[in-house]
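Q: Working from the sequences, and respecting the hints, build out all of it.
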Amino acid sequence: MTRFSLAAIASLILFFASAASAQLAIDDSPAAVEAGLRVFRSHCSRCHDLNGQGYRGRDLSQLAGRKTTAQLANVISRGIGAEMPATSLTPQQTSRVIAYLRSLGGPAIVETGDARRGENLFWNQYRCGRCHMVAGRGGRLGPDLTHVGAARSKSFLIREVRSPSDYISKGFEPVSVVTESGETVSGVRKNEDAFSLQMLDVSENLRNFLREEVRDVKRLDESFMPVYTRNQLSDADLDDLLRYLAALR
Amino acid sequence: MKRTLRFGLVLALIAAPIATSQNISSKDLLDGLKSTGRWLTYSGDYSGRRHSPLAQITPENVGSLRAEWIFQTGVPGKFEATPIVIDGTLYITGPDNHAWSLDARTGREIWHHRENLPANLNLCCGKVNRGFAVSGAKLYIAALDSNLVALDIKTGNVIGGIAIDDYRKGYTSTAAPLVVGNKIVVGTAGADYGARGFIDALDVNSGKRVWRFWTVPRPGEPGGETWAGNSWEHGGGSTWLTGTYDPELNLIYWGTGNPAPNLNGNARKGDNLYTSSLVALDADTGKLRWHYQFTPHDTHDWDANHIPVLADLTIDGRNRKVVMVANRNGFFYTLDRTTGEVLVAKTYAGTTWAKELDSRGRPILLPDNEPSEQGTFICPDMDGATNWMSPAFNPDTGLMYVMAREDCATYYSWAEDFREGQSYWGGNTTRKRGSGYGALRAIDPLTGSVKWEFKFPTPSMAGVLSTASGLLFTGDMEGNFMAFDARTGKNLWHLQTGSSIYAAPSTFTVNGRQFVVIPSGTALIALALPPGS
Numbered sequence: 014m015t016r017f018s019l020a021a022i023a024s025l026i027l028f029f030a031s032a033a034s035a036q037l038a039i040d041d042s043p044a045a046v047e048a049g050l051r052v053f054r055s056h057c058s059r060c061h062d063l064n065g066q067g068y069r070g071r072d073l074s075q076l077a078g079r080k081t082t083a084q085l086a087n088v089i090s091r092g093i094g095a096e097m098p099a100t101s102l103t104p105q106q107t108s109r110v111i112a113y114l115r116s117l118g119g120p121a122i123v124e125t126g127d128a129r130r131g132e133n134l135f136w137n138q139y140r141c142g143r144c145h146m147v148a149g150r151g152g153r154l155g156p157d158l159t160h161v162g163a164a165r166s167k168s169f170l171i172r173e174v175r176s177p178s179d180y181i182s183k184g185f186e187p188v189s190v191v192t193e194s195g196e197t198v199s200g201v202r203k204n205e206d207a208f209s210l211q212m213l214d215v216s217e218n219l220r221n222f223l224r225e226e227v228r229d230v231k232r233l234d235e236s237f238m239p240v241y242t243r244n245q246l247s248d249a250d251l252d253d254l255l256r257y258l259a260a261l262r
Numbered sequence: 005m006k007r008t009l010r011f012g013l014v015l016a017l018i019a020a021p022i023a024t025s026q027n028i029s030s031k032d033l034l035d036g037l038k039s040t041g042r043w044l045t046y047s048g049d050y051s052g053r054r055h056s057p058l059a060q061i062t063p064e065n066v067g068s069l070r071a072e073w074i075f076q077t078g079v080p081g082k083f084e085a086t087p088i089v090i091d092g093t094l095y096i097t098g099p100d101n102h103a104w105s106l107d108a109r110t111g112r113e114i115w116h117h118r119e120n121l122p123a124n125l126n127l128c129c130g131k132v133n134r135g136f137a138v139s140g141a142k143l144y145i146a147a148l149d150s151n152l153v154a155l156d157i158k159t160g161n162v163i164g165g166i167a168i169d170d171y172r173k174g175y176t177s178t179a180a181p182l183v184v185g186n187k188i189v190v191g192t193a194g195a196d197y198g199a200r201g202f203i204d205a206l207d208v209n210s211g212k213r214v215w216r217f218w219t220v221p222r223p224g225e226p227g228g229e230t231w232a233g234n235s236w237e238h239g240g241g242s243t244w245l246t247g248t249y250d251p252e253l254n255l256i257y258w259g260t261g262n263p264a265p266n267l268n269g270n271a272r273k274g275d276n277l278y279t280s281s282l283v284a285l286d287a288d289t290g291k292l293r294w295h296y297q298f299t300p301h302d303t304h305d306w307d308a309n310h311i312p313v314l315a316d317l318t319i320d321g322r323n324r325k326v327v328m329v330a331n332r333n334g335f336f337y338t339l340d341r342t343t344g345e346v347l348v349a350k351t352y353a354g355t356t357w358a359k360e361l362d363s364r365g366r367p368i369l370l371p372d373n374e375p376s377e378q379g380t381f382i383c384p385d386m387d388g389a390t391n392w393m394s395p396a397f398n399p400d401t402g403l404m405y406v407m408a409r410e411d412c413a414t415y416y417s418w419a420e421d422f423r424e425g426q427s428y429w430g431g432n433t434t435r436k437r438g439s440g441y442g443a444l445r446a447i448d449p450l451t452g453s454v455k456w457e458f459k460f461p462t463p464s465m466a467g468v469l470s471t472a473s474g475l476l477f478t479g480d481m482e483g484n485f486m487a488f489d490a491r492t493g494k495n496l497w498h499l500q501t502g503s504s505i506y507a508a509p510s511t512f513t514v515n516g517r518q519f520v521v522i523p524s525g526t527a528l529i530a531l532a533l534p535p536g537s
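Protein chains in written order, with my numbering: chain E, 14 to 262; chain U, 5 to 537.
Just to be clear, a hint being listed does not mean it is correct.
[Claimed, not checked] Just the calculated beta-carbon pair ranges, DEER-fashion:
| # | chain 1 | residue 1 | chain 2 | residue 2 | range |
| --- | --- | --- | --- | --- | --- |
| 1 | E | D127 | U | K436 | 29 to 37 Å |
| 2 | U | T356 | E | F208 | 49 to 57 Å |
| 3 | E | R232 | U | I114 | 43 to 51 Å |
| 4 | U | G164 | E | I93 | 39 to 47 Å |
| 5 | E | S247 | U | K436 | 24 to 32 Å |
| 6 | U | F381 | E | A249 | 30 to 38 Å |
| 7 | U | R112 | E | F208 | 29 to 37 Å |
[Claimed, not checked] Pairs of lysine-lysine residues, derived as BS3-like cross-links and limited to a Cα-Cα distance of at most 30 Å, are as follows:
| # | chain 1 | residue 1 | chain 2 | residue 2 |
| --- | --- | --- | --- | --- |
| 8 | U | K436 | U | K38 |
| 9 | U | K325 | U | K359 |
| 10 | U | K436 | U | K455 |
| 11 | U | K350 | U | K325 |
| 12 | U | K131 | E | K183 |
| 13 | U | K459 | U | K436 |
| 14 | U | K173 | U | K131 |
| 15 | U | K359 | U | K436 |
| 16 | E | K80 | E | K167 |
| 17 | U | K38 | U | K325 |
| 18 | U | K158 | U | K212 |
| 19 | U | K494 | E | K231 |
| 20 | U | K359 | U | K459 |
| 21 | E | K203 | U | K436 |
| 22 | E | K183 | U | K436 |
| 23 | U | K494 | E | K203 |
| 24 | U | K459 | E | K183 |
| 25 | E | K183 | U | K82 |
| 26 | U | K436 | E | K167 |
| 27 | U | K455 | E | K231 |
| 28 | U | K459 | E | K231 |
| 29 | E | K203 | U | K82 |
| 30 | U | K212 | U | K273 |
| 31 | U | K436 | E | K231 |
| 32 | E | K167 | E | K183 |
| 33 | E | K203 | U | K459 |
| 34 | U | K273 | U | K325 |
[To be verified] Incomplete in silico selection of chain E near chain U, CB under 7 Å:
| # | residue |
| --- | --- |
| 35 | R54 |
| 36 | S58 |
| 37 | C60 |
| 38 | E205 |
Don't read these hints as lab results, they were simulated from the structure. By construction, the Cβ of each residue, glycine as well, lies at the ideal position given by its N, Cα and C atoms.
A: Below is the structure:
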């Protein structure tokens, strides 16, 4: 490529970059992707994992190809709800991080499993619904799963079922309180400070304690979400469950 | 001419009974907190102890402390400043280059200053500012765009400004300046962007630079040999927290930040002087008198941007002038402040990288203390065993009060090229959420041992205030503002303010009544005992 055309492209990119952030130009050269990886690692990796495969945040490797540049730029600048923060990346950094996201091929999620069977397993066989609501039906001890398919990566969902205590969702940390009368009350922690604790106990009662009125407060290591080993829940069943959960958006 | 003169006289006569002095001399600054109606520097006085002689609010009556007024700034962002207070009037900076003057008795606004900032600032940690410095009838703010701006104390009008350095190179300012004699001493942020750090002294009147101390020496200068190749050019070593001053020794004590890139030590082999250090500079010339490097060749972002606290202690039967630092790396240090000699060094929080120093004062490194491609689990985490939050020292109890953090992280590092104005970390960390906690700890500077602690569910970023009545005030991440017995650590009072606290409390009297103020959320809260009590 001649110098002239390189310069022309460069100025075009500049033009697009400056012509309102509505449409960013994406340079997908290896250098830009490499630069995007760096932006990603510094600004996004703590939630989307160091390689974008997602943990608490979504698995972005599967997603970037399906979104327009404007949609991605919008998410990056505004954030989503309470969990993905708005960022203040420059247009150039945004463009680079998008180039990086687009470059993530990775093995496609094999959409195996049967969602209808998964739904049945969820409600009837494993009775996940004892603790989780979907569209207003179900229990309260665990998080509402109505949109879980949109918010969580596949790897997150698998880990949540196989080893739930690896990551305990905010507002659902297991705690137990020993009251002055010696009674032990366990539940998930809604909030806590040095002087008080707000809990939803395992019988789904909201309980508000003052530290000075209780004997002890213990943080527990094990989530109230049960561990489902392969013996208890086969990989085939998990596939069906995942298909069902992924469809909850 | 005659008319104006007469007019001026009449005004002065009328104003006399309610006028407050708004002209601060070098002597006033040297007097520190002697005048109870004043709080004149970031830490209250040059010693950095954040210890007030006030004793109206006591362990016995603090239980009836209540809000006297609440000033709502309406400006979101972390509110980290300590106000300047002069005889009934308060001056405070807020996030995003806002500042206000308030009637300290009522919380009513007198003026509001705001200057727009450039859009493309390189900020690691929000559009924060930690406060004004005062000299004469001028207030000085080191603004985020690396400009030192002088405001007229009575109106907030801008009456001068000078560039400290170029924000496009990654330089930003967040710390309150320190006025020493006829100089304004300022630090800078920017190491996270590979900006080479410095401490500047500017003339109070002209704003002209009197001296600059580069925290990263060039090749050929002493310390230059501690940087491989040309890594010194982007070596970091920021100075983003106000230092302290010893008028007798005429030395300025200032902490320096992490080397850059933060987590990738391969890019800068050597000790990387004078990063993650304490430097003692001659106030007249800016010449380095001594330095002590807490974390040689730091690869954990453990800035030593702490308040160096000055005190005179008897150690092993000898009277020593000391400087005390609770460091982000997990060690508490008592150094001789004339020579820099290490007198005491002991961990006050969990560490896995080192547990003691060798006879030369260097940390004895433990295995697996380096960030890596695959990740290495290390304590403390990147935010450190404490951070920039002010500690306090009470000469009566002889204890340092430190906001400690207990958390660990998995540290990753990778190669990263330097680009001007781009973040230059060379790595990242992940933390297991919910694993950490915070604690207010009382540390004996003679031994480094922890005398008592009070725990918080999560690590706090709030500073500590001590008063002569034996009280401590501090805040936490959950939004509580609290009072403690300085001898026992017993909690005596708290108020849930509704927002995480990122500042340090301060105290002063208005018309003879003691006030305690604390920024929380978008508000400045002033507390006092009920009138007449």
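Q: Starting from the hint list further up, note which numbers the structure goes against and sort them upward.
A: 2, 8, 30, 34, 37
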